[in-house]
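Please put together the full structure from these sequences, using the hints given.
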Amino acid sequence: MSAERLSVSFEVNGEPVVAEVSPLQRLSSVLRDGLGLTGTKVGCDAGDCGACSVEVDGAVVCACLVPAAGLSGSRVRTVEGLSNGSLSALQESFLRHGAAQCGICTPGVLVSAAALLEKNPAPSETEVQDALGGVLCRCTGYRKIIDAVMNANRSVASDAAMVEQGRAVGASPIRLDGERKVSGAEVFGADERPADALSVAVVRSPHWHADFEIGDTEAFIAAHPGIVAVFTAADIPGENRFGVIPPFADQPALAGGRARFRGEAVALIAGERAAIEALDMDAFPVSWKALPHALTPDEARRPDFPDLHEGRTGNQLTQGFVESGDPEAALAGAFVSVSGEIETSYVEHAYIEPEAGFAAMEGDTLVIKACTQAPYMDRDDTARVLGLPPERVRIVPLAAGGGFGSKLDISLQPLVGLVTLKTGRPAAMVYTRGDSMRSTTKRHPAAMRASIGADAAGRVTGMVFEGDFNTGAYASWGPTVANRVPVHASGPYRTPNYRATGRAIHTNGPVSGAFRGFGVPQATIMQETLYDRLAEKLGRDRLAFRIDNALVDGDRTTCGQALSGVGIRDCLEALKPHWARAQAEADSANAGDGRLRRGIGVASCWYGCGNTALPNPSKIRVGVTASGAVMLHQGAVDIGQGSNTVVTQICADASGLPLSAFQLVGGDTGVTPDAGKTSASRQTYVTGKAAEKAGRALREKILRFANVSDAAVIGLEDGALVIREGAVRRRVELAEIEAGSDGYAFCAEETYDPPTTALDGKGQGVPYAVYGYGAQLVELEVDTTLGTVRLLRIVAAHDVGRAINPLLVEGQIEGGIAQGIGLALMEEYVPGRTENLHDYLIPTIGDVPPIETILVEVPDPEGPFGAKGLGEHVLIPTAPAILNAIRHAVGVEVTKVPATPSRILAAIRAREAGQ
Amino acid sequence: MDYARPTELEEALGLLCSRRWTILAGGTDFYPALGAGPLKSDVLDINGLSALEGIHETATHIVIGARTSWSAVIDAPLPPGFDMLKLAAREVGSVQIQNAGTVAGNLCNASPAADGVPPLLALDAEVELRSAEGVRYLPLAAFILGNRKTARAPNELLTAIRVPRASARGNSGFVKLGARRYLVISIAMAAARVVIDGGRIAEAAVSVGSCSAVAQRLSGLEAQLKGARVADIRSAVASCDLSELSPIDDVRGTAAYRLEAAREITARALERALGVAAERGAMA
Chain A
1 MSAERLSVSF EVNGEPVVAE VSPLQRLSSV LRDGLGLTGT KVGCDAGDCG
51 ACSVEVDGAV VCACLVPAAG LSGSRVRTVE GLSNGSLSAL QESFLRHGAA
101 QCGICTPGVL VSAAALLEKN PAPSETEVQD ALGGVLCRCT GYRKIIDAVM
151 NANRSVASDA AMVEQGRAVG ASPIRLDGER KVSGAEVFGA DERPADALSV
201 AVVRSPHWHA DFEIGDTEAF IAAHPGIVAV FTAADIPGEN RFGVIPPFAD
251 QPALAGGRAR FRGEAVALIA GERAAIEALD MDAFPVSWKA LPHALTPDEA
301 RRPDFPDLHE GRTGNQLTQG FVESGDPEAA LAGAFVSVSG EIETSYVEHA
351 YIEPEAGFAA MEGDTLVIKA CTQAPYMDRD DTARVLGLPP ERVRIVPLAA
401 GGGFGSKLDI SLQPLVGLVT LKTGRPAAMV YTRGDSMRST TKRHPAAMRA
451 SIGADAAGRV TGMVFEGDFN TGAYASWGPT VANRVPVHAS GPYRTPNYRA
501 TGRAIHTNGP VSGAFRGFGV PQATIMQETL YDRLAEKLGR DRLAFRIDNA
551 LVDGDRTTCG QALSGVGIRD CLEALKPHWA RAQAEADSAN AGDGRLRRGI
601 GVASCWYGCG NTALPNPSKI RVGVTASGAV MLHQGAVDIG QGSNTVVTQI
651 CADASGLPLS AFQLVGGDTG VTPDAGKTSA SRQTYVTGKA AEKAGRALRE
701 KILRFANVSD AAVIGLEDGA LVIREGAVRR RVELAEIEAG SDGYAFCAEE
751 TYDPPTTALD GKGQGVPYAV YGYGAQLVEL EVDTTLGTVR LLRIVAAHDV
801 GRAINPLLVE GQIEGGIAQG IGLALMEEYV PGRTENLHDY LIPTIGDVPP
851 IETILVEVPD PEGPFGAKGL GEHVLIPTAP AILNAIRHAV GVEVTKVPAT
901 PSRILAAIRA REAGQ
Chain B
1 MDYARPTELE EALGLLCSRR WTILAGGTDF YPALGAGPLK SDVLDINGLS
51 ALEGIHETAT HIVIGARTSW SAVIDAPLPP GFDMLKLAAR EVGSVQIQNA
101 GTVAGNLCNA SPAADGVPPL LALDAEVELR SAEGVRYLPL AAFILGNRKT
151 ARAPNELLTA IRVPRASARG NSGFVKLGAR RYLVISIAMA AARVVIDGGR
201 IAEAAVSVGS CSAVAQRLSG LEAQLKGARV ADIRSAVASC DLSELSPIDD
251 VRGTAAYRLE AAREITARAL ERALGVAAER GAMA
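Line order of the protein sequences matches chains A and B. Numbering-wise (this note's numbering), the first sequence opens with residue 1 and increments by one. Numbering-wise (this note's numbering), the second sequence opens with residue 1 and increments by one.
Keep in mind that the hints were calculated from the coordinates and are not lab data. Keep in mind that the hints are not guaranteed to be accurate.
Residues from chain B shown here face chain A by an in silico Cβ test under 10 Å; the list is partial [said to hold, decoys possible]: (1) L24; (2) Y31; (3) L34; (4) G37; (5) P38; (6) L39; (7) V95; (8) N99; (9) G253; (10) Y257.
All residues carry an ideal CB built from backbone N, CA and C; glycine is no exception.
Have a look at this one:
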């Protein structure tokens, strides 16, 4: 703002403050940038997400919409003001209920809830929803938030934080990083910024596809005081291409001469913060020549449309393929068969934290602190772009305010890194919501068709599946989607004759990458909706049909892999009593002929944990210090799902040390070994297994030192290990032990890599070592006059092998379901049109119904303590179960998701017209 | 760029004579429009004008000051004819938005999906526009000219919304249709106010939003409803032509869907106004 600065006196959390502000500066900026109160988060700068909710004179408002000029004399309360030396009852309740996951929305939720509780100490569910309707949460699915607020003022008998030694696995201790998430102390990407940092603005393509020329940047810099430098592709010292899968790496950090999607970065402007904030981006000298563009695979495959990347003929990036038996013969000979087509939309991750971070030099090492899901991949990609050896780049993950797959790819890392390398000054960047939505990855839109056949006994005999996945302008995780889908498209059902093809096709749309499920949620919509039609043709109960076909131990997958520890049948059977009740309730509700029709639906999931048929190691280091602290170098980035807690619980029980002795060392590539990326539901299983091995190795070393057997119990007392075995008691003074090169008195480091094999030309092999399973039952009501859907209840049965932390498991299930609801009913990212959080809709606290979780524990022989992954599994069944319930309610198939009211009503009218 | 935060109305009106200003009230439309970019216009902040606060009554009108927030409307004791405005207020964005955003700002922003317009149309509201030269009153329908377009002259300030007492008679209802529960821009919405006399509808005011560039009164339906029995509402709505509406296809729904849904929610708004026990609906 250029208007003159002024001084305003007001009160923050009971303390008087005086701030120098510009009159229209947002209160969120006054608090964060002026007063250093970074507990208040910024998610959209438009009042759409509520993350910045604060109280001003007793009213909850979005701090991003409050001008500083009016603050004089007002009283402001932020998350930092909720605790008074100790956490408030509400904050404690949030920890106890697991109501904070990544924690980015938590301050806004807490401030809003605290205001409610002051007026109404025992609110109803609806009152809580009305009070919190303005704060979006992308992680929790809101149900635990509702419980935490409703129960905030109820006294609690037991302390959930206490966990008995050796019994950490299976307990639900308060998440180890929980307190800083509810106090506002957590440091996210935008919460740390060196005082002397330059700000960096990105010039992005306004065109889908265009050639461009950058004009006189020297003149531009000269005309803009405070602007220090402009950088383009020509300034990139290394190889100007990055990508999560090195053989496919194709994306320039800054496009060189041609932009292939709207939002692609083409130049950087670095300057003093005030200069960048005042900069009119339209003044940047760049001229564009728009080129013909394709936004769908069909357009991109037209013979007259050029290939976007050399060597990718017909704009096909890659194809995945699995075949077994003779599917055509099976379908031809089937007693009944069904065929269908389904289309899905771009889906935006919509984490509440836009990408943010900064770079700074530390000696000759470039240090980048930013939100991420994959520190080592960031390091290697950034080093390549900047022409540095990987050791000279250090990635320090700041807390990630949600990721869901998109923060696996680098975003701002090479950009701030380039500015720092070139200028020698720290460089910081915070994406706007629009930049985040325009420039980062999406869920692949899919166009799928499939046929499935069954015999007279109701056994599935064959299936053919084909899916085209719009992978956008660059490769990102397109190959993973193309390969993972064919492996999973059968669902967790015996399918003896099978062919599935998944193609990733380039377009000028946003880059499609990883999003919770890597294409499997889309493919499962296809398969599970066909299963309902198949059951109907067979005259079979839909749940019973699935139970009959569910994989069991010893069955082979379509890849020929023999399975063990298969829990899908148990999950489906666990739903049986709920299915019967729901069916009866729906029948009774539908007995009249009102405009509201009830429906119930069921769908399953299975999901292989970790990379598909590729190496995927994790390494864990754990050491005991001279003072008796157990330091866990835990590189599995916790993006809210709970790996900080789960991996520690595993290591605690494997080592036999008390959970309370553990301290976490984060995924800083300078001090912690590579635990791989947080993706593919691999951290509990793969990193957990490494932690189990490291814990056991540490125990072994201590026991050997003390010369006792594995039956001994290890305790920690005042800087000493106290080892007891029967009558033997040995005290090991840690300070007296010479520390190793790692600095620890005792230290162990172990690696685990899942035993998989490459797939052959027909997709046969062992793509994953561990699978997780689940099934969900949805009950809903369709308003036949408006096409609207009201969800009534969801019952989710998930086989997690062993629930290391049942509360966190529930949190994953509820959060995954909320994203599944969005996928099914409202989320449709339209490039160029829905680049904000009011046109792009994600579920609010009023859109997620009560969820009943049934934990099924069929131990996996490979997983740590029998555990399987679950982060992505939980999203997969929700959308198909919703579509199946809609069909059950009103007899229509919606073949394009999301099933918006408009599409549902159109399907109802089309059906009526056809009758 | 200049910024001014006058405390006297005369001062504000004087400034408005000098050049073109962007007016800042609750900020809930101002900041989203500003985005991350620099300010490109002079800003007149009216939050220092205590004269524009609050709701009061005159002999002829109920007057909503231009700085009145949605929450203040919800909390104000107002006749049942205003229930539709209160229902709309509860559906504006979220509590956070209702606490900051103003009803008058909603009119000046002139979005086709402005939640306040259908109920205020059905209340025959007019706007008070003041300038250094004087004051004029414009019916709401004459004030909002199109998508993001109003009849406010650059030297004028919308100082109040006035509802004739006679138009606040009867009972009212409002229905907003959106694709999620909170924080939603409507696909369509309907407001209805009905005066019953001797079991028949003596007066009906019905309007629909998000189905045309500016929300519209359904005068054809209103005429049809006059004299009708309460039981005839559904058939009247079913047979009216809705020619006032001209919905478009967009990400929220198709034009055909909007038209069909508008008819249904209009019936529901009327039923709500009359306290007719309607079957509970999903998201509407």
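Now the hints, each set against the structure:
| no. | hint | result |
| --- | --- | --- |
| 1 | L24 | 7 Å, holds |
| 2 | Y31 | 5 Å, holds |
| 3 | L34 | 8 Å, holds |
| 4 | G37 | 7 Å, holds |
| 5 | P38 | 5 Å, holds |
| 6 | L39 | 6 Å, holds |
| 7 | V95 | 5 Å, holds |
| 8 | N99 | 4 Å, holds |
| 9 | G253 | 4 Å, holds |
| 10 | Y257 | 4 Å, holds |
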